[in-house]
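J.: Residue-level listing of the chains:
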Amino acid sequence: MGAPALGAFLALGVALAGCGAETGEGEGARPPVADGPPTVRVADAFALDPMGAEQMAVYATLVNGGPAADTLLGIASPVAGSGSLHAMLLEEGMMRMRPLTAIELPPSDTVRLRPGGLHGMLEELADPPTSGDTIEVTLRFLHAPPVTVRTPVRDPADVVGGA
Amino acid sequence: MGSRRAHRRILRGIGPRNGLALGLAAVLAASCAPPEEGSRLARVAESLTATQFMQPYDLPVVTLTDQSGEPFELRAEAQGKITVLYFGYTQCPDVCPITMARVARALSMLEPEVREQVLPVFITLDPARDPPEQVRAWLEGMDPSMVGLTGTQEEVEDAVKQLGFVLPPQERPEEGWYEVAHPATLFVYTPELLGRFGYPHASATPEEIAEDLRTLAAFEW
Chain A
1 MGAPALGAFL ALGVALAGCG AETGEGEGAR PPVADGPPTV RVADAFALDP MGAEQMAVYA
61 TLVNGGPAAD TLLGIASPVA GSGSLHAMLL EEGMMRMRPL TAIELPPSDT VRLRPGGLHG
121 MLEELADPPT SGDTIEVTLR FLHAPPVTVR TPVRDPADVV GGA
Chain B
1 MGSRRAHRRI LRGIGPRNGL ALGLAAVLAA SCAPPEEGSR LARVAESLTA TQFMQPYDLP
61 VVTLTDQSGE PFELRAEAQG KITVLYFGYT QCPDVCPITM ARVARALSML EPEVREQVLP
121 VFITLDPARD PPEQVRAWLE GMDPSMVGLT GTQEEVEDAV KQLGFVLPPQ ERPEEGWYEV
181 AHPATLFVYT PELLGRFGYP HASATPEEIA EDLRTLAAFE W
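Heads up: the sequence lines are chains A and B, in that order.
For what it's worth, the numbering used here labels the leading residue of the first sequence as 1, then goes sequentially.
For what it's worth, the numbering used here labels the leading residue of the second sequence as 1, then goes sequentially.
None of these hints come from the bench; they were simulated from the model.
Mixed in with the good hints, there may be bad ones.
[What the hints assert, rightly or not] Derived coverage of chain B by chain A (criterion: at least 3 residues anywhere in the stretch with Cβ under 8 Å from a Cβ of chain A; other residues may be distant):
no. : segment
1   : 100-108
2   : 161-171
3   : 187-193
4   : 214-220
Here the structure is a predicted model, which is why all the values come from computation and not from measurement.
Glycine residues also receive a C-beta, built at the ideal position from the N, C-alpha and C atoms.
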């Protein structure tokens with residue numbers, strides 16, 4: 001299966017999982033509680049110094065505090081022409097990056113974009129930032145309003161945790 | 001000698017007859033003990049953060065192009081060194097810069113007499129986007145003393161295939177970014193040119209890598 005097809009398949013899976021919970025259709029789905037607008041809190045965001053490359057990784061902890069599932073649809077930044085979401089997979093001893101069109105955020109749960117795992121990638125960097133810089137990153141969700149975070153750019157050697 | 005005193009301490013609670021039996025067992029055990037060489041390696045392997053592979057990898061027989069555009073014969077250059085080897089590509093946003101930056105940080109922690117025994121090597125599996133000048137620029141931001149190798153697609157693939165990796169079919173669209181599959185492991189070769197050790201997900205800290213390199217540098221290979 002080609003990468004785009006796999007990405008679409010993964011996105012479909014996460015989107016379908018999200019749909020059931022939010023509309024209340026299907027057996028066992030909880031109806032959304034009228035508790036206020038959906039929000040996703042973004043914490044501990046940081047980006048990696050692209051080391052002169054045209055892409056840079058973005059990580060964060062996403063907290064969906066609400067009773068309904070949400071979905072991370074994408075990331076963007078003024079420093080980047082485009083953004084994308086990826087999963088890191090280990091296949092036959094090789095590292096693979098798989099594009100995702102969405103990342104599911106289950107209700108009352110935390111999803112971590114982290115080194116070696118799920119992460120965002122800012123692409124088409126016209127003037128690649130370096131460690132010590134701070135960039136603005138906007139995360140877009142299916143239900144919650146977009147969240148813009150000031151994101152420090154860090155030296156890859158200082159990153160704790162790996163694949 | 002201290003060992004004789006300790007020996008008597010152990011036997012006192014056992015009694016003469018059992019002591020004799022134990023003594024005979026000890027003599028038998030000693031004669032069946034693994035050769036000194038094997039247990040010496042096992043002891044150093046146990047002290048490492050790096051994993052010891054069941055089967056060591058051979059260092060690939062390959063001549064690639066270094067970041068100055070010069071030919072680099074890997075096995076010849078690795079003679080007498082501890083080679084730290086990673087395959088990746090410079091347009092990799094996540095694991096490759098993290099891994100090589102950690103290696104660079106580890107190298108910076110080493111005493112000069114240890115550092116000079118280490119050969120850190122990065123081989124790109126993406127020569128299309130990684131000619132020598134790109135590899136040089138990428139490594140320069142971390143540690144310009146690390147060796148970065150490129151070549152033709154066939155040459156770099158030959159290197160990784162010699163380690164037994166099967167590369168998946170690679171899509172290289174004309175426009176836009178694309179990913180390149182690469183081994184997840186950070187390999188460590190001894191001066192025997194045997195890849196006995198490695199970090200399977202390249203997740204060791206710079207401190208752990210540095211300490212392992214000190215241990216390996218101190219070992220009599």
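J.: It remains to establish, for every hint, whether it holds in the given structure.
T.: Hint by hint, here is what the structure shows:
1. Only when three residues or more bring their CB closer than 8 Å to a CB of chain A does the claim for the segment 100-108 of chain B stand; here the count is 5, and the claim holds.
2. Against chain A, the segment 161-171 of chain B contributes 5 residues with a C-beta closer than 8 Å to a partner C-beta. That satisfies the three-residue criterion, and the hint holds.
3. Coverage of the segment 187-193 of chain B by chain A is violated. Counting CB-CB distances below 8 Å, 0 residues qualify, and the rule asks for three or more.
4. Interface restraint, the segment 214-220 of chain B with chain A: violated (0 residues with C-beta to C-beta distance below 8 Å; minimum three).
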